[in-house]
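Work out the full structure, taking the sequences as your base and the hints as a guide.
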Amino acid sequence: MQKVKIFSRFERFWHWTQMAIVILLTLTGFEIHGNYTIFGFEAAVRLHNAFAITFILLGIFTIFWLFVTGQYKNFIPTRRNFTKQIRYYTYGMFKGDAHPVKRTMSNKMNPLQRFTYFGLLILIFPVQTITGLLYMYYHYPQNPIDAGGLWIAVITHTMGAFLMVAFLIVHVYMTTTGHRITTDIKAMISGYEDEPEEETETKNQPA
Amino acid sequence: MNKSVQRLTTFLVVLVLPALVIFATVHFGNRRGKPEKFIYQNRADIEKKVDHSEFEILQQDFERPQDLTAACLSCHNKRDDELMASAHWRWERESELPNGRGTVSIGKKNLINNYCASAESNNGSCMRCHIGYGWKDKTFDFEDPTNLDCLVCHDNTNTYKKRKGGAGMPSTHENATAEFPVPDYNYIAQNVGKPLKENCGFCHFHGGGGNNVKHGDLEEAMLDCSREVDVHMAKAGQDMSCNDCHLTERHNITGRAYSVSSENNNRATCEHCHTSTPHNDKVIDLHNHKVACQTCHIPVYAKVNPTVMYWDWSVAGRTDENGNPITEYDVNHKYSYLSIKGRFVWDDHVKPEYFWFNGTADHYLYGDTISEIPVKINTLMGKYEESDAKIWPVKVHRGKQAYDVVTKEIVNVKVFAEKKGEGAFWEDLKWDTAIQLGMEYAGRYYSGQHDFVSTEMYWPLNHQVSPKEQTLKCIDCHTRSEEGRLANLAGFYLPGRDYAKGVDYTGFILIIISITGVVVHSLMRLFYKKG
Chain A
12 MQKVKIFSRF ERFWHWTQMA IVILLTLTGF EIHGNYTIFG FEAAVRLHNA
62 FAITFILLGI FTIFWLFVTG QYKNFIPTRR NFTKQIRYYT YGMFKGDAHP
112 VKRTMSNKMN PLQRFTYFGL LILIFPVQTI TGLLYMYYHY PQNPIDAGGL
162 WIAVITHTMG AFLMVAFLIV HVYMTTTGHR ITTDIKAMIS GYEDEPEEET
212 ETKNQPA
Chain B
850 MNKSVQRLTT FLVVLVLPAL VIFATVHFGN RRGKPEKFIY QNRADIEKKV
900 DHSEFEILQQ DFERPQDLTA ACLSCHNKRD DELMASAHWR WERESELPNG
950 RGTVSIGKKN LINNYCASAE SNNGSCMRCH IGYGWKDKTF DFEDPTNLDC
1000 LVCHDNTNTY KKRKGGAGMP STHENATAEF PVPDYNYIAQ NVGKPLKENC
1050 GFCHFHGGGG NNVKHGDLEE AMLDCSREVD VHMAKAGQDM SCNDCHLTER
1100 HNITGRAYSV SSENNNRATC EHCHTSTPHN DKVIDLHNHK VACQTCHIPV
1150 YAKVNPTVMY WDWSVAGRTD ENGNPITEYD VNHKYSYLSI KGRFVWDDHV
1200 KPEYFWFNGT ADHYLYGDTI SEIPVKINTL MGKYEESDAK IWPVKVHRGK
1250 QAYDVVTKEI VNVKVFAEKK GEGAFWEDLK WDTAIQLGME YAGRYYSGQH
1300 DFVSTEMYWP LNHQVSPKEQ TLKCIDCHTR SEEGRLANLA GFYLPGRDYA
1350 KGVDYTGFIL IIISITGVVV HSLMRLFYKK G
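Here the protein sequences line up with chains A and B, keeping their order. Using the working numbering, read the first sequence as starting at 12 and increasing by one per residue. Using the working numbering, read the second sequence as starting at 850 and increasing by one per residue.
If you're looking for bench data, these hints aren't it; they were derived computationally from the structure. Not one of these hints is a red herring.
Each pair of labels, with its calculated beta carbon distance range:
1) A:182 with B:1116: 50 to 58 Å
2) A:47 with B:1217: 45 to 53 Å
3) A:76 with B:1120: 44 to 52 Å
4) B:881 with A:48: 14 to 22 Å
5) B:1332 with A:182: 37 to 45 Å
6) B:1013 with A:149: 55 to 63 Å
7) A:197 with B:1129: 42 to 50 Å
8) B:1138 with A:48: 22 to 30 Å
9) B:1332 with A:71: 36 to 44 Å
10) A:137 with B:1159: 49 to 57 Å
11) A:48 with B:1200: 17 to 25 Å
12) A:48 with B:1217: 45 to 53 Å
Below, simulated DSSO-like cross-link-like pairs (lysine-lysine); rule was C-alpha separation at most 27 Å, straight line:
13) A:16 with A:113
14) A:95 with B:1378
15) A:113 with B:1378
16) A:113 with A:14
17) B:1268 with B:1010
18) B:1269 with B:1013
19) B:1317 with B:1200
20) B:1378 with A:14
21) B:1378 with A:197
22) A:95 with A:113
23) B:1131 with B:1317
24) B:852 with A:113
25) B:1317 with B:883
26) B:852 with A:16
27) B:886 with B:1084
28) B:1279 with B:985
29) B:1013 with B:1279
30) B:852 with A:197
31) B:1322 with B:1200
32) B:987 with B:1013
33) B:1084 with B:1317
34) B:886 with B:1139
35) A:16 with A:95
36) A:84 with A:16
37) B:1378 with A:106
38) B:852 with A:14
39) B:1269 with B:958
Don't be surprised by glycine CBs; every beta carbon is placed ideally from N, CA and C.
As structure tokens, then:
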């Protein structure tokens, strides 16, 4: 076993803050949607609006950070090892195969993660932000452009929310698919991952 | 050493800092602004500047009330011009109707209402609330300024009363009763002033044949009520009178009753004092784009005495075995059946119904044929898409009115006469004669065949504003419940109430698939590990 640094301090702060914000946005959002009562409608609206602003501020700072540090490269999708990764999750890991992609500071995500997070960053987050801002500030949807009411913004926002929940479920589960069940989550906390020794890895490599 | 620094850093970045961010967001995000308090200042000029008792002209012996008016006008000249141009005098005004129906001269004088069908042909009774003396028929002289009744609005002694059935005349020595004695004109004239609640209320509380029958949000109890009933008029509160809101300049009184009005102008508004952003809270203030103040701030009306919600003329005319009129009462001792008027349903603490309303209204006019049932006696215009339309609380008064089955028109009915045998329904209980006479007076054709049709009349609510603690809560509208205040108001997306079924079902299926995938995958991991 050896410890490899994967996540910097900012990334860990970003991740856990964003986790809390997204969970609270989800909880308050579906309350506003009328699915249940937790905070009370008024508090749900106020919190949802407030967390939306925090989310946007954090997002702006993170985009800045990603580009300044060059870490944005981690989110660029790649086809290399893409099918290998799928095969690992659907087949290899049951047999005890090792992860096909080794994680390092400069390559901290496997191709499936890159694909998913890229989608999250350039699709779900911006769509939720834009539709959310429309929801908050565009109170005359007939003027200057007739948007036919709030429907389009709201329906899109709802679809984004459902995708987000599905992501959360799968994402949390996927953290258990590391070397050990807690390897990944520990890495996101401490920044370091326990990498298996070289020889065990080569031994389990498929032929 | 190195390890503990690392642990501290970890503790900071994954727990303390995120927690701070969340805490700060909750702290600054989840609070409601403090509303701006508007303290009403009594206008300084409400103080009486003039002692009318010193005027010799008001000490003469007034034979007729018209002589008193002449005395008033001898000092207050030109006021008669203002009044005679007003709707309080003419009972009609030039109004542009919506739907391109053009400009017409309409008002209480010539509109159908949902009560006794029309004031026209029932002058003796209805014109008691005219600001004139004796508009008993078409011979009334609208050009004679001495026919103006100054006292009904300016009497500050609360002793001036117009006689019932007198077409606006007070009692004379010939017909005085204990309830309606001859007014003491000298006493009243020497104690005139700006209108009090009692003056306006004399007519505006009693429309439709009794206290609170018509409006539901205007009634006698408001002369001396608690803040719960009306924050503005409460004796213990601001104790405001009508024209503190219905600002008046040169006898032009602001305010619109859409039972007779059509245009979005000259209205008395909440914003006039409170501004359109009184809550000092963005989320709540933004509602004012689409929601009238009244919607949240008048959660119920008829808070003291009940109001008539339903009036069915079709069953009127029933008598007992001796041919005498019948009166039946409901559990609250309000009449539920009168031979002369039909069946009534009263209600108090009524939840309003809600409609989009842009400040303009259409009206059923003479000659309009019935095209939909229930017939809308007046129609509040507006829909979500219009920038000046807002959700408004409304009293909907439903009923059944007589109509001509051949021409498909709502008819005028002569209900009032001073005595039997003149064909009035209240006296003789004969529909055909009463309709015939009503239609004749209005100059309309009647085929001779009548039946009854369901009708609705819409009264936007403005009064009986509740204390802020009793306003509607978010959840009263933003709910999927059928009981939601706006459950039936269609045509727009209301958060908390509306959702797209397809999107939601697909979304929940997606979540179920995700969970299933996770479960299947982890079971397979478990299985292979054991195997």
